[in-house]
Amino acid sequence: MKSGSKRRAYATSALVIVTFALILFALVEALVIAPREATMGDIQRLFYFHMPSAWIALGPAFTVVFGLSIAYLATGKMVYDRWAGASAEIGVIFTTITLMTGPIWAKPIWGVYWTWEPRLTTTLVLWFIYVGYLLLRSIAGEGPRRARLSAVYGIVGWIDVPIVFLSIWLWRTVHPRLLTGHGFDMDSRMVTALMISLAAFTLLYVTLLVLRAGTLDIAAEVTALQARLRRLDRRGGGR
Amino acid sequence: MAFFSQAWAIVRKDLLTELRGASTIISMVLMGLLVVLVFNFGTEPGTQSASLARAGVLWAAFLFSGVIAVGRSFASEKEAGCLDGLLLCPVDRGVIYLGKLLGNLILVFVTGVVILLFFTVVYNVGIGTSWLQLLLLLVLASVGLSTLGTLFAAVAAGVRARDALLTVFIFPLLVPLVIAAAHCSTLLLNGKSLADAGLWPWLLVVYDVVFLAVSFIVFDFVVED
Numbered sequence: 001m002k003s004g005s006k007r008r009a010y011a012t013s014a015l016v017i018v019t020f021a022l023i024l025f026a027l028v029e030a031l032v033i034a035p036r037e038a039t040m041g042d043i044q045r046l047f048y049f050h051m052p053s054a055w056i057a058l059g060p061a062f063t064v065v066f067g068l069s070i071a072y073l074a075t076g077k078m079v080y081d082r083w084a085g086a087s088a089e090i091g092v093i094f095t096t097i098t099l100m101t102g103p104i105w106a107k108p109i110w111g112v113y114w115t116w117e118p119r120l121t122t123t124l125v126l127w128f129i130y131v132g133y134l135l136l137r138s139i140a141g142e143g144p145r146r147a148r149l150s151a152v153y154g155i156v157g158w159i160d161v162p163i164v165f166l167s168i169w170l171w172r173t174v175h176p177r178l179l180t181g182h183g184f185d186m187d188s189r190m191v192t193a194l195m196i197s198l199a200a201f202t203l204l205y206v207t208l209l210v211l212r213a214g215t216l217d218i219a220a221e222v223t224a225l226q227a228r229l230r231r232l233d234r235r236g237g238g239r
Numbered sequence: 240m241a242f243f244s245q246a247w248a249i250v251r252k253d254l255l256t257e258l259r260g261a262s263t264i265i266s267m268v269l270m271g272l273l274v275v276l277v278f279n280f281g282t283e284p285g286t287q288s289a290s291l292a293r294a295g296v297l298w299a300a301f302l303f304s305g306v307i308a309v310g311r312s313f314a315s316e317k318e319a320g321c322l323d324g325l326l327l328c329p330v331d332r333g334v335i336y337l338g339k340l341l342g343n344l345i346l347v348f349v350t351g352v353v354i355l356l357f358f359t360v361v362y363n364v365g366i367g368t369s370w371l372q373l374l375l376l377l378v379l380a381s382v383g384l385s386t387l388g389t390l391f392a393a394v395a396a397g398v399r400a401r402d403a404l405l406t407v408f409i410f411p412l413l414v415p416l417v418i419a420a421a422h423c424s425t426l427l428l429n430g431k432s433l434a435d436a437g438l439w440p441w442l443l444v445v446y447d448v449v450f451l452a453v454s455f456i457v458f459d460f461v462v463e464d
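Protein sequence lines, in the order shown, are assigned to chains A and B. The working numbering applies: residue 1 is where the first sequence begins, and numbers increase by one. The working numbering applies: residue 240 is where the second sequence begins, and numbers increase by one.
Extracted from the complex, chain A is given alone in its bound form (with noise of 0.2 angstroms):
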């Protein structure tokens, strides 16, 4: 056992390693290898974390939660319930930079913070989703009662995510639609360093994840193993 979580530590800290590297490489590309938009100015420089960030929100984030719920539920591992929690934190802070990056670019461009746009709306009401859940998380307390309670959550509000963006897109395309999309004519170099930034988010999100599900497992084997003491005195005490 020790010897394997001595080789779990070192799998950790080489992932940190890899991420930071790629990490400081995609700002590099970002923020001076990639030409200056022509008209946007270097504020369109931002899209490389926003568009990162939206996909790690609307991708794999919140389908992990989604996968590792019924997993839960159909194993009643704990485990599997640390790591929903922890992708969904996770989850909820790239959606945070989503939302707060978009209205940042949107001034000077759209000259709007916001628009009642479908992907702007659906991404609102994710957050909002997301935000229930570790705030259900945040008050069931510990054990298989709470796992079993965001696991339903997890579930529920994953199948709810396509129907929203089905709706505000129906509701949208009725109205005239001012803006289309953010379509601009990419430089290569400029496609590079999304890429690279796309690389570096998703590596980005794996190592949080490892870190934080790795912090909990390692909680709660603190607290089997205090329990498992406090059996073994109590016993100690009777003789």
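Do not rely on the hints blindly, as some may be mistaken.
Said to hold, decoys possible - Quick list of simulated restraints, FRET-style, between CB atoms:
no. : chain 1 : residue 1 : chain 2 : residue 2 : range
1   : A       : K107      : B       : W370      : 43 to 53 angstroms
2   : B       : R399      : A       : A224      : 21 to 31 angstroms
3   : A       : T192      : B       : V445      : 33 to 43 angstroms
4   : A       : A227      : B       : L438      : 49 to 59 angstroms
5   : A       : A220      : B       : V449      : 53 to 63 angstroms
6   : A       : I33       : B       : I456      : 48 to 58 angstroms
7   : B       : I456      : A       : V28       : 48 to 58 angstroms
8   : A       : L211      : B       : R399      : 28 to 38 angstroms
9   : B       : L374      : A       : M186      : 45 to 55 angstroms
10  : A       : K107      : B       : D459      : 44 to 54 angstroms
11  : B       : E463      : A       : V131      : 20 to 30 angstroms
12  : B       : L374      : A       : L211      : 51 to 61 angstroms
Claimed, not checked - Some chain B residues flagged as far from chain A (calculated, every beta-carbon gap over 12 angstroms):
no. : residue
13  : W247
14  : I265
15  : L269
16  : V277
17  : S315
18  : C328
19  : V349
20  : T406
21  : A419
22  : A421
23  : H422
24  : A434
25  : S454
Calculated directly from the structure, the hints in this document are not laboratory data. Glycine is no exception: its CB is placed at the ideal position from the N, C-alpha and C atoms.
Let chain A serve as the given structure and place chain B on it in line with the hints.
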């Protein structure tokens, strides 16, 4: 058939409690009317048509009153330890969910009718020929609200959460329902029919069916103890 008669027993119990003075429906109706009243100050007086913004008021009132119904349905069971008794019944957990759901559905729907009538009176909107379709719309919206509402009321009761938290849990999930219902009601109150509403009524139907199925499956885990 035993399934439905068992569920009906729960519905009957809940409605009897309600009739004998639990007064949930009074707070629901008052809440609904108050929301319409308060939001009224945010709209331009004198305009006649039922705009989408006003439909938003109608459905906001509907949601807020609905949360009271679903919240009470489990909070009251929890108070006197009745939920344990209910769970000890030798019936399928799905029966308990269905019974609770139907009880809530009736309260939500009746309150919805009152709110709708009040709305049409104070905003001077003629219901006209579309009242049957309005009722159908109200049924679809009530089913969606009660389905997720009942499930999450059970979740909230499990963690002793207050009504405010229940609102935080279910309102984001109900966004598609509100958008679809607001669209359909605007059309109906402007003298059109559901046939002109395109995909919207179907979105409500899909929403109801999907979450009815999902809630039915996962409810077991919510009350398992």
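Each hint, compared with the structure:
no. : hint                                : result
1   : K107/A - W370/B: 43 to 53 angstroms : holds, 46 angstroms
2   : R399/B - A224/A: 21 to 31 angstroms : holds, 26 angstroms
3   : T192/A - V445/B: 33 to 43 angstroms : holds, 41 angstroms
4   : A227/A - L438/B: 49 to 59 angstroms : holds, 55 angstroms
5   : A220/A - V449/B: 53 to 63 angstroms : violated, 34 angstroms
6   : I33/A - I456/B: 48 to 58 angstroms  : holds, 51 angstroms
7   : I456/B - V28/A: 48 to 58 angstroms  : holds, 49 angstroms
8   : L211/A - R399/B: 28 to 38 angstroms : holds, 32 angstroms
9   : L374/B - M186/A: 45 to 55 angstroms : holds, 53 angstroms
10  : K107/A - D459/B: 44 to 54 angstroms : holds, 48 angstroms
11  : E463/B - V131/A: 20 to 30 angstroms : holds, 26 angstroms
12  : L374/B - L211/A: 51 to 61 angstroms : holds, 55 angstroms
13  : W247                                : holds, 26 angstroms
14  : I265                                : holds, 29 angstroms
15  : L269                                : holds, 26 angstroms
16  : V277                                : holds, 22 angstroms
17  : S315                                : holds, 20 angstroms
18  : C328                                : holds, 20 angstroms
19  : V349                                : holds, 26 angstroms
20  : T406                                : violated, 10 angstroms
21  : A419                                : violated, 6 angstroms
22  : A421                                : violated, 9 angstroms
23  : H422                                : violated, 7 angstroms
24  : A434                                : holds, 16 angstroms
25  : S454                                : violated, 7 angstroms
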